[in-house]
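The residues making up each chain are set out below.
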Amino acid sequence: MLRITKTFEDDLTITLRLDGKIIATTVPDLEELCLRYRGSPNKSVSLDFSGVTFIDNDALKTLKKIKTKGVAMVNGSPFVETLLNGQSPTPKAAETPLAGLEEAADLDARSNGKLKERLLVDRLRAGDAEAFDAVFHQHVNQVYRQALRLLGNEADAEDVVQEVFLAVHNKAKTFRGQAEFSTWLYRLTVNTALSRLRRQKRSKEVLYDDYLPKFQKDGHHLVRPVVDWSNDIDERSANRELQQILTQALNQLKPVDKAVVVMSDLEGFSDREIANTLGLSVAAVKTRLHRARLFLRGKLAVHLGYSPT
Amino acid sequence: MARKNRTREARHNLAYTCKQATSVLTEYVAGTLAPHMTRALENHLSACPDCVAFLKTYKKTVEATRTLLASGTFSPSR
Numbered sequence: 014m015l016r017i018t019k020t021f022e023d024d025l026t027i028t029l030r031l032d033g034k035i036i037a038t039t040v041p042d043l044e045e046l047c048l049r050y051r052g053s054p055n056k057s058v059s060l061d062f063s064g065v066t067f068i069d070n071d072a073l074k075t076l077k078k079i080k081t082k083g084v085a086m087v088n089g090s091p092f093v094e095t096l097l098n099g100q101s102p103t104p105k106a107a108e109t110p111l112a113g114l115e116e117a118a119d120l121d122a123r124s125n126g127k128l129k130e131r132l133l134v135d136r137l138r139a140g141d142a143e144a145f146d147a148v149f150h151q152h153v154n155q156v157y158r159q160a161l162r163l164l165g166n167e168a169d170a171e172d173v174v175q176e177v178f179l180a181v182h183n184k185a186k187t188f189r190g191q192a193e194f195s196t197w198l199y200r201l202t203v204n205t206a207l208s209r210l211r212r213q214k215r216s217k218e219v220l221y222d223d224y225l226p227k228f229q230k231d232g233h234h235l236v237r238p239v240v241d242w243s244n245d246i247d248e249r250s251a252n253r254e255l256q257q258i259l260t261q262a263l264n265q266l267k268p269v270d271k272a273v274v275v276m277s278d279l280e281g282f283s284d285r286e287i288a289n290t291l292g293l294s295v296a297a298v299k300t301r302l303h304r305a306r307l308f309l310r311g312k313l314a315v316h317l318g319y320s321p322t
Numbered sequence: 069m070a071r072k073n074r075t076r077e078a079r080h081n082l083a084y085t086c087k088q089a090t091s092v093l094t095e096y097v098a099g100t101l102a103p104h105m106t107r108a109l110e111n112h113l114s115a116c117p118d119c120v121a122f123l124k125t126y127k128k129t130v131e132a133t134r135t136l137l138a139s140g141t142f143s144p145s146r
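Chains A and B, in that order, give the protein sequences.
The first sequence begins at 14 in the numbering used here and counts up by one.
The second sequence begins at 69 in the numbering used here and counts up by one.
Quick caveat, the hints were computed from the structure, so don't treat them as lab data.
Careful: at least some of the hints might be erroneous.
What the hints assert, rightly or not - Derived coverage of chain A by chain B (criterion: at least 3 residues anywhere in the stretch with Cβ under 8 Å from a Cβ of chain B; other residues may be distant):
1) 182-189
2) 299-313
What the hints assert, rightly or not - List time: in silico EDC-like cross-link candidates among lysine to aspartate or glutamate, alpha-carbon distance up to 16 Å:
3) A:Lys227 to B:Asp118
4) A:Lys74 to A:Asp42
5) B:Lys128 to A:Asp241
6) A:Lys82 to A:Glu44
7) B:Lys87 to A:Asp222
8) B:Lys127 to A:Asp222
9) A:Lys186 to A:Asp135
10) B:Lys87 to A:Asp231
11) B:Lys87 to B:Glu131
12) A:Lys267 to A:Asp245
13) B:Lys124 to A:Glu94
14) A:Lys80 to A:Asp24
15) B:Lys127 to B:Glu95
16) B:Lys124 to A:Asp24
17) A:Lys78 to A:Asp24
18) A:Lys56 to A:Asp69
19) B:Lys127 to A:Asp61
20) A:Lys56 to A:Asp24
21) B:Lys128 to A:Asp245
Heads up, the beta-carbon is just placed ideally off N, CA and C, and yes, glycines get one too.
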């Protein structure tokens, strides 16, 4: 929801403070208000972005259009300023390192890197806008790639990048330095992406049970003999159809299970690291990974014409 | 002491069912399964062609998933 509050008005100026999310469904009201006030002779309109928590891509296009009509946009976070000035939150080359970090030059490379990061984060926590800018440019590529792996499409990944860096801007003071900043940022990225996945329609999630192995009371496989179809995969492993089936199956996993599989099988994280990032126990990670793999196996079996059990 | 030895022996002689064998495959494939459980699983595999076939297809699934994810062609959708 977007709250628009008139915080100042005189003969020449009107200021509207914005609080909340500016998204495709809320931006039309804002656009209409701006055009209505701009219609008054000699009146300038100023939008105060200090309470804005999120801007989606569609809303951004409308805001840029509003800006071209002479509406001023003030008090946005450095990240919001970057968006409004036409710079994409998607991968960009790192900027020149922040001035003032040269004192770390005497240490070895690894210690140097850690000290630089600590100094940068200290300045970020103190509200230094340049420090935020440096953090953004140093980490935006990584955040984008991580979000893209979990969400799969560029538009969603860009939205997550925005949410993450707005959260960095708003929550930097809460970072206590117990973990490395990059670890904190990674957890924030994964959890933001997962939240987005959970909010999306779940119509494609299927019951795992239909694809999990089943057993008789004595513990033997229910359907025997179990067929070894692994060689069929060898012949078809480059097959586009097989890739599509596996992609579809991965997308049918529950969001957290998909995150576990991606973090384990693509990014090579240990069970402990996955548990810490997702707020799960190690046992829960192992269980989820196992069930997800059994599900994927069952889906492949069915596609190849065999029983999943 | 005798009780401890009997417990250790019981663990070494652990016999798995197919259901139990299937439940430990993730750790077995990762190489993190405890030694006595690995022995029990491999004892079972030596006598169960169904579970040997299941393990092969399980490993192949893991391999295909890693290949797909690493290829960059995986595009999760909503």
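Hint check results:
no. : hint                 : result
1   : 182-189              : violated (count 0)
2   : 299-313              : holds (count 8)
3   : A:Lys227 to B:Asp118 : holds (13 Å)
4   : A:Lys74 to A:Asp42   : holds (14 Å)
5   : B:Lys128 to A:Asp241 : holds (10 Å)
6   : A:Lys82 to A:Glu44   : holds (10 Å)
7   : B:Lys87 to A:Asp222  : holds (15 Å)
8   : B:Lys127 to A:Asp222 : violated (20 Å)
9   : A:Lys186 to A:Asp135 : holds (9 Å)
10  : B:Lys87 to A:Asp231  : holds (9 Å)
11  : B:Lys87 to B:Glu131  : violated (22 Å)
12  : A:Lys267 to A:Asp245 : violated (27 Å)
13  : B:Lys124 to A:Glu94  : violated (54 Å)
14  : A:Lys80 to A:Asp24   : violated (21 Å)
15  : B:Lys127 to B:Glu95  : holds (12 Å)
16  : B:Lys124 to A:Asp24  : violated (78 Å)
17  : A:Lys78 to A:Asp24   : violated (25 Å)
18  : A:Lys56 to A:Asp69   : violated (28 Å)
19  : B:Lys127 to A:Asp61  : violated (56 Å)
20  : A:Lys56 to A:Asp24   : holds (7 Å)
21  : B:Lys128 to A:Asp245 : holds (10 Å)
When held up to the earlier numbered hints, the structure conflicts with 1, 8, 11, 12, 13, 14, 16, 17, 18, 19 and fits the remainder.
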